[in-house]
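Read off the chains here:
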Amino acid sequence: MLRVLTVLPFYGGSLPMGRFAAEGFRENGCLTEVFEAPAFYPAYAALKDLRVGSERLDRLQNGLLQHISQCVLAKVEAFAPDLVLCMAQAPVSIAALKRLRREGVATAMWFVEDFRVFTYWRAFAPYYDIFAVIQKEPFLDELAALGLENVIYLPAAALPSLHRPLELSADEKKEFGAELSFVGAGYPNRCRAFSHLGRFGLKFWGTEWENAPDLAPFWQKKGQRISPEDCVRIFNAATVNLNLHSSPRPDPPVAPGDFVNPRTFEIAACGAFQLTDRRSLLPELFASDEIASFSDLDDMLEKIVYYKNRPEERKAIAMRGRARALAEHGYAARMKTLLDFAAKRLPGFGRHEEIAWPDNMPPDMRVAADALLDELNLPRNACFSDLICAVRAKRGVLSDVETALLFLDEWKKLYPD
Amino acid sequence: MGNAVRRILVFQLARFGDLVQSKRLLSSFAAVQNAEVHLCLDQSLLPLARMLYPFATAHGIPAHRTGADAGELFSVCRKTFALFRELNFSSVCFLNFSPLSFACAALFPPEKVIGYARVDGQDMRSKLFGLAFNLLRDRRFSPVNLADLWAFCHTDPIAPEKVNPIAHPAASGRIGIVASGRAPRRSLSPQILAGCVRAVFQARGGPELVCLGTAEEASSARALKRELPARCAEKFKDLTGKTALADLPDILRGLDVLLTPDTGVMHLAAHLGVPVQAFFLSSAWCFETGPYGMGHSVWQARESCSPCLESSPCPRKTACLQAFAHPSFLARLAGKYREGWPENLLGLVTMPDDVGVACKTVDGVDPCAEARAQLRAGLAECLGLPGSEAHPAGKDAAGFLFREKDWMPPGDWEKAAIRERAF
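Residue numbers (the working numbering), protein chains in the order written: chain P, 1 to 417; chain Z, 418 to 840.
Derived by calculation from the structure, the hints in this document are not laboratory data. Values in this document were obtained by computation on a predicted structure and should not be read as measured data. Just to be clear, a hint being listed does not mean it is correct.
As the list claims (entries may be wrong) - For lysine-lysine, the following DSS-like pairs were computed, each having C-alpha atoms within a straight-line distance of at most 30 Å: (1) Z:Lys579 x P:Lys394; (2) P:Lys48 x Z:Lys822; (3) Z:Lys544 x P:Lys394; (4) P:Lys75 x Z:Lys832; (5) Z:Lys642 x P:Lys75; (6) Z:Lys544 x P:Lys413; (7) Z:Lys832 x P:Lys394; (8) Z:Lys822 x P:Lys394.
The following block holds chain P by itself, in its conformation from the complex (with noise of 0.2 Å):
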């Protein structure tokens, strides 16, 4: 079984995503474990509060980031990947890279970001096997201008497990419904184009709204961070979702661009009706006859007008879109796609040493792994290494067969026949 380990960022979009990863290389039959930068980001944050010289500040944060890198080196050393996957803004340093570099442990990149604004990918790029972006040309061109030959476009994605259709309660639809519903942080270009629409019955969430107090009356939950789950009611919720990608600058409103959001697949595998700006990229993800595009602020507010009364042609829209994304955009999908580019990309890509069940197994020990790699949800094919790998990373107290499984394990590691 292959062996993926996730590095996941301090916080931000690309760290749901990454969990969603993780999940879908889980779907792909990999042993999955999940780097939680998260619980690293208290301590970097407190940084910012000492009050110190800024140069101080600086050395303090890049010391801890590169702290934070050794500890995904350990958490390697210790699970022993096949690939190790870094969503974008995931800490780990260049000194790191060249280490997993020089130890031959694939890593991997995936950049969900607009390359144009978060432009450190030049200095990061190279140091990665695989590079996969969410945009195509010119990143393209720059990535193969810089030397990288292992560049994948991999756009985002929805996970079904989370991202589908909800029976919502009575107070879910109060908490979260609405006509017009839109979850995202607040870029200007939103800031501009939601100050038409207050009459349309508009409730949006999300962070960095502040800047626009004239939408304080529509902002829901005032800037808390709203949760996988509760996005997913939301969108379920509503009657129409809007869903703008954002841009940084305030007009035009409705801004030309070019890669997909993942809200896209996902509220498209909610089964839900969504109203989307008209990207370059979408049209190869979904037909237009599956998800609702407009083109400019003009068009966005009559196709708001229009869907609103027209609760058919939404359903019939929302369940094409959900057909497509089960079908080609989920998680899993999108990880078989960057499994399947490492395979033949990378030379020796997941052959690791792998050891076998022991010779002449007696009838109760081959119940026993059997029963276990059922509960972990392991192939009967497992090889033993494979079962201890999932036992080490299981939390709580382990059962006596797992337990002699393990004393087995690091027996045999003591005493090498």
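Use these hints to put chain Z onto chain P, whose structure you have.
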């Protein structure tokens, strides 16, 4: 707690000597009101454990290299571990820093575990064992016998002088000899041991010499006999490989003294109150694993590289051996005085104090003695032992004993374990 049974399990997965060295701890647990002491160990040591600790229920698992196949090992372990879960121990103590210990620790709620624990898949060690690791950074200053370190897994262990009887000779005119232990470098060569035996033989007026050990040590015994002068060889009786473990205590009880390197038999002799004259060299360090109790002597080689690492090859052709061939030392063994004590040898006797049993230097100069005493005081203070405030550790000792993370209070699991084990 009323009359509720306190069921306590101790994992001691190491060897013969370590099992004997667990005596202070196990005896302390046995002294707990309504205690029911269980011991988990390698199955080959079950007879010894039952002999040493009749008050404890011993459970054997295949912890050492044996002929057991993996399936058999799994079956035995699973059955034993299932029983352990049923027994619902109130405390479980892990003494060995070993992956086998950490694997077994996963079976128990961390708040019940003392020593080495596994908390949500993470290997952890207690504050006490963490301090012990700090001390291992420079073993020259090791301030505590392993038997005492383990004993402090109990919050209030029995007094060190109550552990083993005061050693006294059997007045039998018989001397025991252990020619070699498991690691050859920790034992005297046959030539050098023969010189020591001859000196003791002379001092004691030509006693009978009984060589003890397993069949694996038979060749060392034969080599020793070849090196002995005829008058010694005539009285040399080779019992290596010829005695059952059950017979060993009676043989030891019949000795005036046991000459031995750092071995399990040495610890067994101390357990029985048989006087020990021990030869410690290379990685063997009497301040850590010296014979426990009063009335024993240790001859400790002290080179610039002492104590060394057992697993590393010696670049100096085991230079520490030569101290045991020094004429002044051999004269001392023979009961005579001769000028010029070897600089690279210490003569020590075992003495109890507040912490446990310590080796006190009576021959030679130990340049580490003061620092060791300071560390011992620091450890006593850390353990909250009576009288420790009268001998506070200096700042150098404190700086060595504690590292940065030791400023932190115990973690949640250990705090809970401390509450659980308020014996």
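Hints versus structure:
1. Taking the CA atoms of Lys579 (chain Z) and Lys394 (chain P), the gap is near 44 Å; set against the 30 Å cutoff, the hint is violated.
2. Distance hint between Lys48 (chain P) and Lys822 (chain Z) is fulfilled; the C-alpha atoms sit about 23 Å from each other, no more than 30 Å.
3. Taken as a hint, the Lys544 (chain Z) and Lys394 (chain P) pair is honoured in the structure, with Cα atoms around 25 Å apart against an allowance of 30 Å.
4. For a cut-off of 30 Å, the pair hint linking Lys75 (chain P) to Lys832 (chain Z) stands: about 26 Å separates their Cα positions.
5. Proposed proximity of Lys642 (chain Z) and Lys75 (chain P) is contradicted: the alpha carbons are some 55 Å apart, above 30 Å.
6. For the proposed pair Lys544 (chain Z) and Lys413 (chain P), the alpha carbon gap of about 28 Å is at most 30 Å, so the pair holds.
7. For the suggested pair Lys832 (chain Z) and Lys394 (chain P), the alpha carbons sit about 23 Å apart, so the restraint of at most 30 Å is met.
8. For the proposed pair Lys822 (chain Z) and Lys394 (chain P), the alpha carbon gap of about 26 Å is at most 30 Å, so the pair holds.
Hints 1 and 5 from the list above are not met by this structure, while the remaining hints are.
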